[in-house]
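Engineer: Sequential numbering from 1 applies to the sequence shown in the UniProt record's numbering.
The reader is advised that the hints may include incorrect statements.
Stated by the list, open to error - Here are the simulated DSSO-like pairs of lysine-lysine, each with C-alpha atoms no more than 27 Å apart in a straight line:
| # | residue 1 | residue 2 |
| --- | --- | --- |
| 1 | K485 | K629 |
| 2 | K347 | K594 |
| 3 | K71 | K290 |
| 4 | K398 | K124 |
| 5 | K152 | K124 |
| 6 | K71 | K124 |
What the hints assert, rightly or not - Ranges between beta-carbon positions, derived for each pair:
| # | residue 1 | residue 2 | range |
| --- | --- | --- | --- |
| 7 | R591 | P243 | 35 to 45 Å |
| 8 | Q384 | K298 | 11 to 21 Å |
| 9 | C292 | E526 | 29 to 39 Å |
| 10 | D606 | A495 | 47 to 57 Å |
| 11 | K73 | A495 | 55 to 65 Å |
| 12 | R512 | G393 | 29 to 39 Å |
| 13 | Y386 | K124 | 24 to 34 Å |
| 14 | K298 | S169 | 47 to 57 Å |
| 15 | Y215 | E503 | 36 to 46 Å |
| 16 | R61 | Y386 | 52 to 62 Å |
| 17 | Q540 | S496 | 15 to 25 Å |
Don't read these hints as lab results, they were simulated from the structure. Yeah, the Cβ is synthetic: ideal placement off N, Cα and C, and Gly gets one too.
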Amino acid sequence: MFLRDYQRDGVKFFYERYRERRGGLLGDDMGLTVQVIAFLSAIMAKTGFESDEDRRRNHVRNLQNSPEWIKTKSLPPANATWPTCLIIAPSSVVHNWERELQTWGYFEFGVYTAPPKERAHVLKDFKFGRLDIVLTSFDIALKDIDLLDDLKWSCIFVDEVHRAKNLASQISIALHRFECRCRFGLTGTAIQNSYDELHAILHWTDPSRLGMAKYWKKLISQPLRRGQSNTATDEEKAKAMLPTKTDIVVFCPLAATQLAAYKRILQKPEVRHLIEMNDPCECGSGNLTKNCCHPYKKENTLRYMTVLLQLSNHLGLILPSTWIFPHDNIPNRIQVEFGKDFCGKWKVLETLLHEIRQDRSNKVLIFTKSVQLLKIVQNYLETQPYKYRALSGETPQKDRMPLIDEFHSNPDIFVFLISTLAGGTGLNLTGANHVVIFDPHWNPAHDLQAMDRAYRIGQTRPVKVYRLLGAGALEELIYNCQVYKQQQMRIGYEASIQTRYFEGVKNDPQKRGELFGLKNIFRLDETKIATKSSIEEANQAQLDWAFANVDTKGMKKESNDLENLAGLDEFVMDDTIKATPTGAEDKDESRIAKILQTVGITYTHDNAEILKQNEIEVEKAKELLKKLKATGRRSGRASLLTDNESRSRASSRRSSGISSRKKRKTTTSGNTTQAASEPEEPKAQWPPVRKHHRPKPTPQQ
Numbered sequence: 001m002f003l004r005d006y007q008r009d010g011v012k013f014f015y016e017r018y019r020e021r022r023g024g025l026l027g028d029d030m031g032l033t034v035q036v037i038a039f040l041s042a043i044m045a046k047t048g049f050e051s052d053e054d055r056r057r058n059h060v061r062n063l064q065n066s067p068e069w070i071k072t073k074s075l076p077p078a079n080a081t082w083p084t085c086l087i088i089a090p091s092s093v094v095h096n097w098e099r100e101l102q103t104w105g106y107f108e109f110g111v112y113t114a115p116p117k118e119r120a121h122v123l124k125d126f127k128f129g130r131l132d133i134v135l136t137s138f139d140i141a142l143k144d145i146d147l148l149d150d151l152k153w154s155c156i157f158v159d160e161v162h163r164a165k166n167l168a169s170q171i172s173i174a175l176h177r178f179e180c181r182c183r184f185g186l187t188g189t190a191i192q193n194s195y196d197e198l199h200a201i202l203h204w205t206d207p208s209r210l211g212m213a214k215y216w217k218k219l220i221s222q223p224l225r226r227g228q229s230n231t232a233t234d235e236e237k238a239k240a241m242l243p244t245k246t247d248i249v250v251f252c253p254l255a256a257t258q259l260a261a262y263k264r265i266l267q268k269p270e271v272r273h274l275i276e277m278n279d280p281c282e283c284g285s286g287n288l289t290k291n292c293c294h295p296y297k298k299e300n301t302l303r304y305m306t307v308l309l310q311l312s313n314h315l316g317l318i319l320p321s322t323w324i325f326p327h328d329n330i331p332n333r334i335q336v337e338f339g340k341d342f343c344g345k346w347k348v349l350e351t352l353l354h355e356i357r358q359d360r361s362n363k364v365l366i367f368t369k370s371v372q373l374l375k376i377v378q379n380y381l382e383t384q385p386y387k388y389r390a391l392s393g394e395t396p397q398k399d400r401m402p403l404i405d406e407f408h409s410n411p412d413i414f415v416f417l418i419s420t421l422a423g424g425t426g427l428n429l430t431g432a433n434h435v436v437i438f439d440p441h442w443n444p445a446h447d448l449q450a451m452d453r454a455y456r457i458g459q460t461r462p463v464k465v466y467r468l469l470g471a472g473a474l475e476e477l478i479y480n481c482q483v484y485k486q487q488q489m490r491i492g493y494e495a496s497i498q499t500r501y502f503e504g505v506k507n508d509p510q511k512r513g514e515l516f517g518l519k520n521i522f523r524l525d526e527t528k529i530a531t532k533s534s535i536e537e538a539n540q541a542q543l544d545w546a547f548a549n550v551d552t553k554g555m556k557k558e559s560n561d562l563e564n565l566a567g568l569d570e571f572v573m574d575d576t577i578k579a580t581p582t583g584a585e586d587k588d589e590s591r592i593a594k595i596l597q598t599v600g601i602t603y604t605h606d607n608a609e610i611l612k613q614n615e616i617e618v619e620k621a622k623e624l625l626k627k628l629k630a631t632g633r634r635s636g637r638a639s640l641l642t643d644n645e646s647r648s649r650a651s652s653r654r655s656s657g658i659s660s661r662k663k664r665k666t667t668t669s670g671n672t673t674q675a676a677s678e679p680e681e682p683k684a685q686w687p688p689v690r691k692h693h694r695p696k697p698t699p700q701q
């Protein structure tokens, strides 16, 4: 096994923390399992030969044959001779970990996921010192925490550690009970919804380092959130070795029947009361609606949000729902499932599958977060000539790896239909080179994890991802919130300066803008695609600033100015189709975009493009800092002295014979006079001396 440079960095990171008896968080999208295995092989002094396989059992057998055992009937701690490890992972990937451990080393490990009696045997083997590693799931770790928390673990690894992002959750409380302090978290999404989650995860890995959560919020979370309103690294080199990934967001108009049902829901009195909850009550009392005739009920918000999200995807998800449809016009379920007039995404899915299948080597992953919707798509695939396999939470664990192996090895299997929550993490599905996310999850981490099932180490072909969104509906709003959160992640991870597409600020009631609050949740945009408008307006504002502030002095007019500006209008105003594709991938994207237009798609964009660092914003930030620095110098010094202090100091200078005017010196070139450099202000002491560290004043002081 040869590790890439960035993977070696990960192994080195683990070892440095392990040597210091500390934990740490390793954030990466791929190759985490192999890095852990390499680290464990090193600290456990594995040789890579078969003699490693029964090393512990032979050692324990020799101990039990010794006079000491006969006398005391006791064995040394499990980690007395070689280190031990506990690995906790989602149940869906436990078997993947098992396979990787078998593939890349000779480890003596036990899988702690069976019924209680079988688990007891694994625990007994570990206590006797016969196991290097115990592998278990979150569910079992939570159930058996009383049995696991005080065992002799040398280190603990938690895969998908972002599940412990909430300090008050049961899994987080359980993980904090482990006595072992060498704790490592693995995740590709350390920030899912807020920067506070990063603190929660880091606090588990190394409790003594970050301090209290309230200071993290004040110094990290709040400034970064507020600031977001309107040379290659080793990791980048490793990613460059992978093929490209294109993440296309497809805005699908609602079908006519969907649209009519959506409007009926928004006109329901309960929904109107939610929208108007902060407006004066209609009774004329002067009180807010929520505090008067129509008290706010949170369950109504969640209920109608769920219905609107289901409706954004497929009408069949809300049947029979007589309260939505006129009593004499309730659609038949079979008619809805197989009809194209009840789902705006259906024609898009059909078109994509047909086009992708033109190359028989292509394979597709279709992700959906709804098991009910998965079954609807499954029923559709039964009527098509496409061979497929399906994996959901209902699929037994023992059947999952054989399904994955068959998908990879059988060239006739074209589609793998997967539940996002069951198969969106940990699985290696590099046999596929196209991914369709039928109903994006409100949390961007789930969709990013899902698409990275195909785009990971081992992939040899470019990967195309298609995210289907219900245009104008709640699903589009959720996507915009995803963009907002992904921008926060870029800011937090990379200090990237992002384009300010939105006015809204999360957790700020005064700045809900177009993203947050009930009025935005229960809004329908029929005439325009709000995302397209926000992007165009932001791009136009950037260009206006650039043209107004560009320094034209000394610039030479180039002969190909017009060529350089060709296509600028399309770039700013319409991302749908590239006018002049330059390579095979561009031609393929252009071809599919044109085909999508035939089924009513008027707008798509590449998600990665709108998350790139904005160089114009970088320049704006530099200019702003210059202005603040200049005004701060002037206003700061002016405010240091009061009038009385100023007069008294001037008087003091005069009495001591010191001129209040600064001395000037004349340069030898020309008539220029230059002020002598001002004396530097005293530097602040660092680290600062806290109040309780200062010596007590003497009586004279």
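Engineer: Give a verdict on every hint.
Structural biologist: These are the hints, each one checked on the structure:
no., hint, verdict
1, K485 / K629, "violated, 30 Å"
2, K347 / K594, "holds, 14 Å"
3, K71 / K290, "violated, 76 Å"
4, K398 / K124, "holds, 24 Å"
5, K152 / K124, "holds, 13 Å"
6, K71 / K124, "holds, 21 Å"
7, R591 / P243: 35 to 45 Å, "violated, 19 Å"
8, Q384 / K298: 11 to 21 Å, "violated, 42 Å"
9, C292 / E526: 29 to 39 Å, "holds, 31 Å"
10, D606 / A495: 47 to 57 Å, "violated, 23 Å"
11, K73 / A495: 55 to 65 Å, "holds, 59 Å"
12, R512 / G393: 29 to 39 Å, "holds, 35 Å"
13, Y386 / K124: 24 to 34 Å, "violated, 49 Å"
14, K298 / S169: 47 to 57 Å, "violated, 20 Å"
15, Y215 / E503: 36 to 46 Å, "violated, 29 Å"
16, R61 / Y386: 52 to 62 Å, "holds, 55 Å"
17, Q540 / S496: 15 to 25 Å, "holds, 22 Å"
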